[in-house]
Amino acid sequence: GNDDDETTTLRVGEVTRSIFYAPQYVALSQGFFEDEGLDVELTTTWGGDKTMTTLLADGIDIALVGSETSIYVYQQGADDPVINFAQLTQTDGSFLVSREAIGSFDWEMLKGSTFLGQRKGGMPQMAGEFALKKHGIDPHNDMELIQNIEFANIASAFASGTGDFVQLFEPTATVFEKEGTGHVIASFGIESGHLPYTVYMSKSSFITENNDSIQKYTNAIHRAQKWVETSSIGEIKDAIKPYFEDIDEEIIEIVIDRYRVQGSYAADPIVDVDEWNNLLDVMIEAGELEERASHDILVDNSFAENAIKSLE
Amino acid sequence: MKLNGITHVYVSEQQALLAIENIDLTIKPGEFVSFVGPSGCGKTTILSILAGLIKPSQGSVSIFNNVISGPSNRTGYMLQHDYLFPWRTILNNAIIGLEIMKKLDPATKSHTKYLLNEMGLSDTLDLYPDQLSGGMRQRVALVRTLATQPDIFLLDEPFSALDFQTKLRLEDLVFETLREHSKTAILVTHDISEAVAMSDRIVILNRKPGRIHKIIEIPNSLRSLLPFEAREEKDFRRLFHEIWRELENIEQKGDEFEA
Amino acid sequence: MKLNGITHVYVSEQQALLAIENIDLTIKPGEFVSFVGPSGCGKTTILSILAGLIKPSQGSVSIFNNVISGPSNRTGYMLQHDYLFPWRTILNNAIIGLEIMKKLDPATKSHTKYLLNEMGLSDTLDLYPDQLSGGMRQRVALVRTLATQPDIFLLDEPFSALDFQTKLRLEDLVFETLREHSKTAILVTHDISEAVAMSDRIVILNRKPGRIHKIIEIPNSLRSLLPFEAREEKDFRRLFHEIWRELENIEQKGDEFEA
Amino acid sequence: MSLKHKDSDPNTLVKKIRLNFTKKQIREKRLVIVIQMIILFFFIGLWEIAGRLRWIDVLLFSYPSKIMNLLYSKLMDGSLLPHIGTTLFETVIGFILGTLCGTLLAILIWSSKILEKILDPFLVVLNSMPKIALGPLFIVGLGAGYLSIIAMTLAITVIITALVVLNSFKEIDSNYIKVVKIFGANKRETFMKVILPASIPTIVSTLKVNVGLAWIGSIVGEFLVSQQGLGYLIIYGFQVFNFTLVMGSLFIIAIFATLMYQAVAYIELKLNK
Amino acid sequence: MSLKHKDSDPNTLVKKIRLNFTKKQIREKRLVIVIQMIILFFFIGLWEIAGRLRWIDVLLFSYPSKIMNLLYSKLMDGSLLPHIGTTLFETVIGFILGTLCGTLLAILIWSSKILEKILDPFLVVLNSMPKIALGPLFIVGLGAGYLSIIAMTLAITVIITALVVLNSFKEIDSNYIKVVKIFGANKRETFMKVILPASIPTIVSTLKVNVGLAWIGSIVGEFLVSQQGLGYLIIYGFQVFNFTLVMGSLFIIAIFATLMYQAVAYIELKLNK
Ligand SMILES: Nc1ncnc2c1ncn2[C@@H]1O[C@H](COP(=O)(O)OP(=O)(O)OP(=O)(O)O)[C@@H](O)[C@H]1O
Ligand SMILES: Nc1ncnc2c1ncn2[C@@H]1O[C@H](COP(=O)(O)OP(=O)(O)OP(=O)(O)O)[C@@H](O)[C@H]1O
Ligand SMILES: [Mg+2]
Ligand SMILES: [Mg+2]
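Chains as they are written, first to last, in our numbering: chain A, -13 to 298; chain B, 2 to 260; chain C, 2 to 260; chain D, 1240 to 1512; chain E, 1240 to 1512.
The following block holds chain A by itself, in its conformation from the complex (with noise of 0.2 Å):
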C-alpha cells in the first residue's frame, strides 16, 4: 500500500499507437491517473509479440493488448500468468474495405474476390475470418485469400493496387475513403461481436504486489471511459490531438465517431464471461487454440467491480 500524498509510477506498454485506444489518452490528457496518485510512462512496443515480451521481461508493469496474448502465454506453460484485469475496447477495430464503390453490400459478394487480410495468428486476422465464417464464407476456399504482408505494410500494398477487398484498421480507412482508394463497407467490430479485444493486463505476481497501484489504475480507465461516453466529439478529439499530431483533426473526429457509434470503447473495464468465451470460440475457429483457457484463471474482474462501485 502507498500513501496517499506518494505518487507511484507505473510502465505501461501500449501494442500500437491508435484512435482506438482514445479513452486512454483522455486518461493521460486529462490527469485522471495524476489524480489518483500515478505516474503513468508509456511506452509503444509495436505488436502484440513485443508488448507481451517486454512485459513477461519485467520491461513494463501493465500492458494494452489483446487478450489472445495472455491466452497464447498461458497456453505456452507460464508460471506466474498474466491477467487480464481492465478491458478498454471491446470489439474488433477493423473494417472491410472494398477498392469499388458498392451500393448495397452483400457478403456474398466477396465470393471470388481477391480478399487482403491480416497476417496469421494476430487477432484480427482470427476476428475477421471469424466474421467471414459467420457470413459462410469459406475464407481460404471461397475466395483468394492473401494474408503474408505485416500489418504496417497491408494498407500500401491495397493502395498499389494489391486485392479487391481489404480488412483495415483507423485512421487508414477513413483516409482512404476520403482519398478515394477504399469504400468502408463494413465493420469487422459489429460482426465479430463483443470480444476482450484490448484489455490492460499485468503478471500475477505484479498484481498481487501492488494491488493499490493496479486499482487506481483501473479507476481512472474507468473515468476516461465514462468521460469519453458523455462528452462531445470535439472535446475527446482535442483531448487526445496531442498523441495524434500527425492526424488531419477531421479524420480523428471521424474515427472517433465511427468507433463510438459501433460501440468499440467499452463502457466498463470488467472482461464479462460471454465476451470471454466468444474469443475462445474465435480463436479455436481459426484453429490457434489447444484447450479452452478458462476465464477464472485469466481474468481478474475485481478491480473493474471496485471501479464501477466508486463512481457511482
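Watch out, some of these pointers could steer you wrong.
Stated by the list, open to error - Some, not all, of what chain B presents toward chain E, calculated at C-beta under 8 Å:
| id | residue |
| --- | --- |
| 1 | V12 |
| 2 | S58 |
| 3 | D106 |
Stated by the list, open to error - Once the Cα atoms are required to be at most 25 Å apart in a straight line, the calculated DMTMM-like pairs of lysine to aspartate or glutamate come out as:
| id | chain 1 | residue 1 | chain 2 | residue 2 |
| --- | --- | --- | --- | --- |
| 4 | E | K1313 | A | D224 |
| 5 | C | K209 | B | E100 |
| 6 | D | K1417 | B | E100 |
| 7 | D | K1509 | B | D131 |
No lab work stands behind these hints: they were computed from the structure. Where a beta carbon is used, it is the ideal one built from N, C-alpha and C, also for glycine.
Given chain A's structure and the hints, the job is docking chains B, C, D and E with the ligands onto it.
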C-alpha cells in the same frame, strides 16, 4: 628513333613538376643506348614517352620518321619488375602481347615456345609465376617482350631485382639476343658497370629537371665483348670511374641546391 | 661469439625443411665476418638464431661464454629493409630500442641525437619516414641499432635496397663507425664485392641445407682500407673471382641436384 | 626446444623434429576441439538445466531439448523443409544477384572517371541509408511476394558490393595495366585481361560479407511479407508466443548461414591456392 | 596535348601547363557539380510534378514540397529535434561502443593463438547470424528502452568489427614485430608499439562500414521498442498512414548518416595525411 626537344611536366592538383627538359637525341637502328642518372631524374619518364604511354608536354618522338602518338607495335617495353600476371600460366603470360595485338596464331605461339625454350624455361610452361624464382620470372618477362618481335627495346632497370649471379647471366643473354637480331635498345639502370658493359653509348642525366648532362661513347673494344667479359677490360675501369665522378658531381650539385 | 653445431629445421603442417646444418664457427671480438651464399641457403636463419629470435633445433650459440636463450641487449640486428614505423618521427624511430629496453633518459636521448647528427640527419628529427629517401631511411635504421650500444652487430643485406652511390657511401660510413668503436659485426649479403671490401673473413655457404662450404680470410692489405678504396686493389679482383667461382660451383651443383 | 645430444644423421633429426611437431599439432588440435565441445556442451547443458529447473523463464528462453523436439517433429511431418527451402532460395538468389549487380555497377562506374565523380555522393548517401526502412516501398513497387524479399536482399548487398569491388579495381598496381597498354590494349581489353582477373580474390572475399547481409535481407523481407520461410516462422512464433519455434528457426538459420559462409570460404581457398 | 612551338623559358612553360591543368580541373569540377544538380533537380522535380499531377499515388509516395513543409513545421514547433536527438544519440553511442568492443574483442583474441582457434567457429556462426531476428531477445534481456536499441546496434557492429580488426592485426608485416622483439619487447609492448598503431588505419576504415550498420541497428531497434526517434516516426507514420512523415524521416536519416560517414572519412583522411 629521334627525340626532338622533349620536355615533360607532371601536373597534379597540388603542384606542377618539371620532370625532364629539352631532351634531344637520335638513336641509330641497332644501337644500344643506356640512360644513367640519380634517382628521380626522369629516366622512367623518358622511357614512358618513348613507349607512347605518356604524351610529352613539349617536343615529339619519331620512330623511322613517324611521329608516335601512342603505344606502337614496333616498340617493346620491359618494366622494372616482371609484373607477370599471377593468374596466368607462364606460357599464357608470354603470349599476352600477341593476344592483345591479335597476332596469336600457331606460328607465333610456337615461336614464343621456342623463345621460352631458349631461355631454359621449357619445363615451366604450365606453371604459375609464383612457382618460379625471381630470375626465371625476369626471363619470362623478357620473352613476353620478345614474342611480339618489336624493333626497339625499352628496358627499365630490368636486372635490379636479381641477385648478382643471375643478373650477370641474364645481361649476357639479353645482350646476345639483341645483337643477334640487331635490335635497337634503350636501357635505364642505376648500375654503372651494367651500363658500361652493355651499351654503345651512355647518356648521363642531370637531376631536377632531367637534362642531358653528358653523352659517353663506349670504345669498340668493349662494345664487341659480352658484358661479363667487358667487365674485365682496362677501359671498363676507366669508364666506370669517369661516369662515377660525373654522377658524384651531379649529386653534390644537387645536394647544395637542395640545402 | 661461438656457434656450436647449429642445425635448424623449419616445420610446418605440410613439410619439415632442414634449413641449416651443423654450423660451427667462432667469431672474435671486433671481427667483421660476412656470410655469402645462394638465395635460400639459410643466411637469414643464421642471423635470426644469433639474434635469439629463433631457437635452433640443435646446437647452441654463446656470446662471451653465455649460452643465449632470447634477444639480448648486447646484440643489435639490422634487418634487410629499414622497417621504420611510418607513424613515428625519425627521432622517435631512432629511440624505440631505448624505449623498450627502458634505457631512455636525457643522456641516451641526446646520444641518439648526436648519432643522427653524425649521419647527416639532424634536420629530419621531426619528419616522418615517408618524407625521407631510401638512403636516409637506411641510415635511420642504422642509428636505431647503434643507439642501444650493442657490442655485436648483425646486418642482413643492409645495403641491398639502395642505389649504387648511396650504397658505397653508407658502406664506408658503417665500416668506419664499427671500426672506431671496435664492434663485432656479422654481415649477410648477395653482393660479393661488398663482402670482400668490408670483411675480415668471408663464410661461403652451401645450399639446401646450408652448410659451411669454405671460409676465406681477407689479407691485411684489404682489411685496413675503406670499402671504396679496397675495391681498387688487385687482391680485391682476385678474391672476387675466387668467391665468384665458388658460388658458381655451388649453383651448378644445386641445379643438377634439383633437376 | 633444443635437443641436448648431437644427432649424427640429419635425416633422422628432421624426421624426429617433424614427428614431434606433428604430434604437438595433433595434441593442440584435439585440445581445441575438446575445449570447443566443452564450451558448447556447457552452454547447452546450462541452458537445458536452467530451463528445466525454471531458473530462466521457459516461455521466453525455451530450452535445447524442447527446441530439438519441436524441430524433429516438424521435420518428420514435413512442415519444416518448405520453410527452409523458401528462405534458402530467396537468400541464395538475392546473394548471387547482389554480388552480380554490385560487380556490374562497379564495372559501369569504373568505365568512366567522370561518371564516378558524379555518382560518388549519391553512392555515399545510398550506402549509409538503412535499407531496412525502405521495405514498404518494395512492397508497393514489387508486390507482396518473393520479388520484394529478393529486392530487400539486393538493396542491402548491392551498394556495398559495388563500393568494395570498385575500390579493388582502383587499387590494382598500375604497372599491370601498363603491361597491356604497351601492347596497345584498349579499355575493354585492359578490363578483361587485367582488372577483372586481378579483382577476383576481392570479389570473392566480398561474397563472405554478402552471405551475412543476404540472410539479413531475406529474413527482414520475410518479416514484412511472407507466408513461408524461416523469417515467417520467427514472426509467427512471436505472434502466437511460441519462443521455442523462434529459437528453433534461429538455430536453423545459424546452421545454414554458417554452411553458406563455409562454402564461400572454400571457394576463396581454392582460388587463392 | 603537345604544344607546337618551343618555349624558351621552362618556367613559363611550367606555369602555362599548370594554369591549363587548373582551368581544366575547375571546368571538370563545375561540370560534375552541374550534372549532379541536374540529376538531383530532375529527380526531385519529376517527383514533385508526378505528385502534384497525381501520376503517382500521393498517399503512398507523397512529394518533396509536402515533405519539406511537414519537416519545416515540425522543426518550428520543436517536435522534430527530440526525435533526431534520440536517434542520433543511440546511433553514435552504439557506433562508438561497437567499434570499441569489437576492437577490444579483437585484442583479446589476438592475445592468444589457442583462444583464436577455439573461438573461430563460434565467431563464424555469430557473424553469419541475422542479428535483426534477435531483437525481441534484447527486450527480454535489457527491457524496453535505450538499452535494447543500443544493444541491437552493438550486436550488428561488434562481431564484424572484431573480425576485420583481428585480420588487420594478423596482416601486419612480421618484420615490424621483429624490430621490437630484437630489443626484447614482450607481447604487451609489441602490441602497444607496433600492432595497435599499425592497425589504426584499418580500424578507422572499419568505422566507415560501421556507420551504416549503426544506423540499421538503431532504426531497427526503434522499430521494436521506442517512444521517440526517427525509427519511431517511421513506424508511427505507417501506423497513422502518413507516408509524408515516413519519407521525411528517411530524408533526415539519409542526411545524418551521410554527415556521420563524411566525418569518419575526414578522420581517415587526417590520419592518412
Ligand atoms: N605520375 C607522376 N606524377 C607526378 N610526378 C611524377 C610521376 N611520375 C614521376 N614523377 C616525378 O617525376 C620525376 C622523375 O620521375 P621518374 O620516375 O622518371 O624518375 P627516374 O629517373 O625513373 O627515378 P628512379 O631512378 O628512382 O626510377 C620524379 O621527381 C618523380 O617524383
Ligand atoms: N619461417 C619459415 N618457415 C619455413 N621455412 C622457412 C622460414 N624461413 C625460411 N625458410 C626456409 O629456409 C630456407 C633458408 O631461408 P633463409 O631466409 O634463411 O635464406 P637466405 O639465405 O636468407 O635467403 P635470401 O638470400 O633469399 O634472403 C629457405 O629454403 C626458406 O624457404
Ligand atoms: Mg624509374
Ligand atoms: Mg635472407
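Now for the hints, and whether the structure bears them out:
1. V12: Where the cut-off is 8 Å and the nearest Cβ of chain E is about 4 Å from B/V12, the hint holds.
2. S58: At 6 Å from the nearest chain E Cβ, B/S58 passes the 8 Å test, so the hint holds.
3. D106: 36 Å, violated
4. E/K1313 to A/D224: Measuring from Cα to Cα gives roughly 19 Å; hence the hint holds.
5. C/K209 to B/E100: 40 Å, violated
6. D/K1417 to B/E100: 15 Å, holds
7. D/K1509 to B/D131: Roughly 16 Å between the alpha carbons, so the hint for D/K1509 and B/D131 holds.
Hint violations for this structure: numbers 3, 5, all remaining hints satisfied.
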